[in-house]
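J.: Below are the chains, spelled out letter by letter.
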Amino acid sequence: MRLTPRDNTFFDLLAESAGHLVTGSNILAQILGADNGDRKKLVKQMSEIEHKGDEATHAIIKRLNSSFVTPFDRDDIYNLASALDDCLDYMDEAAERIVLYKINELPDRVEDQVEILRRMAELTATAMPRLRSMSELHDYWVEINRLENQADKAYRKLLSHMFDEISDPIELMKLREVVEVLEKAADAFEKTANFVETIAVKEA
Amino acid sequence: MRLTPRDNTFFDLLAESAGHLVTGSNILAQILGADNGDRKKLVKQMSEIEHKGDEATHAIIKRLNSSFVTPFDRDDIYNLASALDDCLDYMDEAAERIVLYKINELPDRVEDQVEILRRMAELTATAMPRLRSMSELHDYWVEINRLENQADKAYRKLLSHMFDEISDPIELMKLREVVEVLEKAADAFEKTANFVETIAVKEA
Amino acid sequence: MRLTPRDNTFFDLLAESAGHLVTGSNILAQILGADNGDRKKLVKQMSEIEHKGDEATHAIIKRLNSSFVTPFDRDDIYNLASALDDCLDYMDEAAERIVLYKINELPDRVEDQVEILRRMAELTATAMPRLRSMSELHDYWVEINRLENQADKAYRKLLSHMFDEISDPIELMKLREVVEVLEKAADAFEKTANFVETIAVKEA
Chain A
1495 MRLTPRDNTF FDLLAESAGH LVTGSNILAQ ILGADNGDRK KLVKQMSEIE
1545 HKGDEATHAI IKRLNSSFVT PFDRDDIYNL ASALDDCLDY MDEAAERIVL
1595 YKINELPDRV EDQVEILRRM AELTATAMPR LRSMSELHDY WVEINRLENQ
1645 ADKAYRKLLS HMFDEISDPI ELMKLREVVE VLEKAADAFE KTANFVETIA
1695 VKEA
Chain W
1495 MRLTPRDNTF FDLLAESAGH LVTGSNILAQ ILGADNGDRK KLVKQMSEIE
1545 HKGDEATHAI IKRLNSSFVT PFDRDDIYNL ASALDDCLDY MDEAAERIVL
1595 YKINELPDRV EDQVEILRRM AELTATAMPR LRSMSELHDY WVEINRLENQ
1645 ADKAYRKLLS HMFDEISDPI ELMKLREVVE VLEKAADAFE KTANFVETIA
1695 VKEA
Chain L
1495 MRLTPRDNTF FDLLAESAGH LVTGSNILAQ ILGADNGDRK KLVKQMSEIE
1545 HKGDEATHAI IKRLNSSFVT PFDRDDIYNL ASALDDCLDY MDEAAERIVL
1595 YKINELPDRV EDQVEILRRM AELTATAMPR LRSMSELHDY WVEINRLENQ
1645 ADKAYRKLLS HMFDEISDPI ELMKLREVVE VLEKAADAFE KTANFVETIA
1695 VKEA
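Chains as they are written, first to last, in this note's numbering: chain A, 1495 to 1698; chain W, 1495 to 1698; chain L, 1495 to 1698.
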């Protein structure tokens, strides 16, 4: 085997970081169906997860900068950790905006966006531990790219629908922001997969 | 000669990528003058060009990661390819929003924005093949920087004008988005030129 | 001593770049309290500072690319210089939007945002010269991170307040943009501090 993972902590930290994405995307899905009282509690939970994610990212980068020997290219780990962090940040931002703007009714298709994010989070969490052996990663990035295309279509339909149907401009501004941040989350998942592909191609 | 381009495919792929920018910017200009029926066809053409651009970028990055020897710094080619990709993405996004939001009338100055993008695309497409010999690149990045300043001024005038003249907030939101994405396209062209300058300075 | 700064110009240029942040943040604070006539003059001053900042960044990057030996990692200096540049760009953009959109009355909490930016700018300008000796930097990045959290809270309160209180959607759009750009400036200061931490950890 060509690859000898020289610092296993990286793999553990990346897996931990991806684990927070699953929790975060599940909380986000719960927020959509919850009433205002529960939403506030859920947003608090989300914020704690986001904080844990920040700590994991920070631990990765600190370890990266102080370690003389790392598995893979230093920049690639840095990019991967940052992309994972972005996924969670955007999901947290979406959750928070929903509560901050007191949005009662979200268009149905927002659920489609969040459902795609949940699947992306699960796939990402399953893929991260495989970086150790560099096996079975191809299907992961292909599937994430497929999901991102699907997210993109859902997003465009949603935009078109919203601008057609919602006549209250302030309501539209609020929703526009939420769906945009959700789209950015999907983009961040795709970026994450691209960095995994980069690492895999270099190691091949 | 100091530089021996060791993998000519990079130059061909970068030139191909820049070629798509010219096609894309021309389609964008046509969209402005077209009626709704033609716009949909043009947006579909744009989307195909954007897809080809994605493939070229992907081919560059894949080749970059698997090649042991590359001309120039690996990061610089990566940055350049990503910046070229961004130019097309933003032009595609602008085209799509115009159709998605069913915008009938665009302020005149949007044409100025797009005209600048067309000139930037042409200059970029002319410059890319010169990376091979590293000659006559200075004028390219100076001119792109000049055009970006011009785009910036056009953008600000447009914003001021729009917020003064358009009283329908939803119409304003739609147009605000289109002109912002066009401004981001101009910024991406400038970034592209900055990466070319970086490469040129290192090779000097 | 492990570190021998081999090219002192970098330190001078970084300090110069950070110095412009202090001037810029002070002009921004003045703009909030000024009437429309004075605002235009102040925006012009801001634009000149922003231009000087651009030149300093350009000088750093050019020197970076042409120098064979640099203190620290080349990428780290590049990232740091770009982050410093972003701080000023966002402050300039905020100043300009206030005048462009003819915003007469800004919510009180915008002053809190700008006050935090001023303190961030001062801390950053004090920290940059310490890169030479790599001493007393820890408190700087801890404090910047604390201030960024504070800015984040101020921003969210402001958003919630604005969407509750402002009923004119176009006025809301204008203010939304200004406070968003100010938040981006705070984020850029945090990024700057993160890059300084990266450099410090590597040198430790």
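A few of these clues could be false.
Pairs count within a copy or across copies, as identical chains cannot be separated in the list.
[Unchecked claim] Subject to a maximum C-alpha distance of 27 Å in a straight line, what follows is the list of computed DSSO-like cross-link-like pairs (lysine-lysine):
(1) Lys1647 x Lys1534
(2) Lys1651 x Lys1696
(3) Lys1678 x Lys1534
(4) Lys1696 x Lys1647
(5) Lys1651 x Lys1556
(6) Lys1696 x Lys1668
(7) Lys1651 x Lys1535
(8) Lys1596 x Lys1556
(9) Lys1596 x Lys1696
For the record, the hints were derived by calculation from the structure and aren't laboratory data.
J.: Hint by hint, say whether it matches the structure.
T.: Evaluated hints:
Taking identical chains as interchangeable, the C-alpha atoms of lysine 1647 and lysine 1534 lie at most 27 Å apart only when they sit on different chains, with a minimum of 16 Å there against 30 Å within one chain. Taking identical chains as interchangeable, the C-alpha atoms of lysine 1651 and lysine 1696 are never at most 27 Å apart, the minima being 37 Å within one chain and 46 Å between chains. Taking the shortest Cα distances, lysine 1678 and lysine 1534 sit within 27 Å of each other both inside one copy (23 Å) and across copies (25 Å). In this assembly of identical chains, the alpha carbons of lysine 1696 and lysine 1647 never lie at most 27 Å apart, being 32 Å within a copy and 42 Å across copies at closest.
Taking the shortest alpha-carbon separations for lysine 1651 and lysine 1556, neither the intra-copy value of 42 Å nor the inter-copy value of 32 Å comes in at or below 27 Å. When the C-alpha separation of lysine 1696 and lysine 1668 is checked against a cutoff of 27 Å, the pair qualifies neither within a copy, at 43 Å, nor between copies, at 43 Å. In the homo-oligomer, the alpha carbons of lysine 1651 and lysine 1535 lie at most 27 Å apart only across protomers (18 Å), although the nearest pairing inside one protomer, at 31 Å, exceeds that limit. In the homo-oligomer, the alpha carbons of lysine 1596 and lysine 1556 never lie at most 27 Å apart, since the shortest distance is 38 Å inside one protomer and 45 Å across protomers.
Proximity of lysine 1596 and lysine 1696 under a CA criterion of 27 Å is satisfied in neither setting, with 47 Å inside one chain copy and 45 Å between copies.
In the structure shown, a violation is registered for the earlier hints numbered 2, 4, 5, 6, 8, 9, in ascending order.
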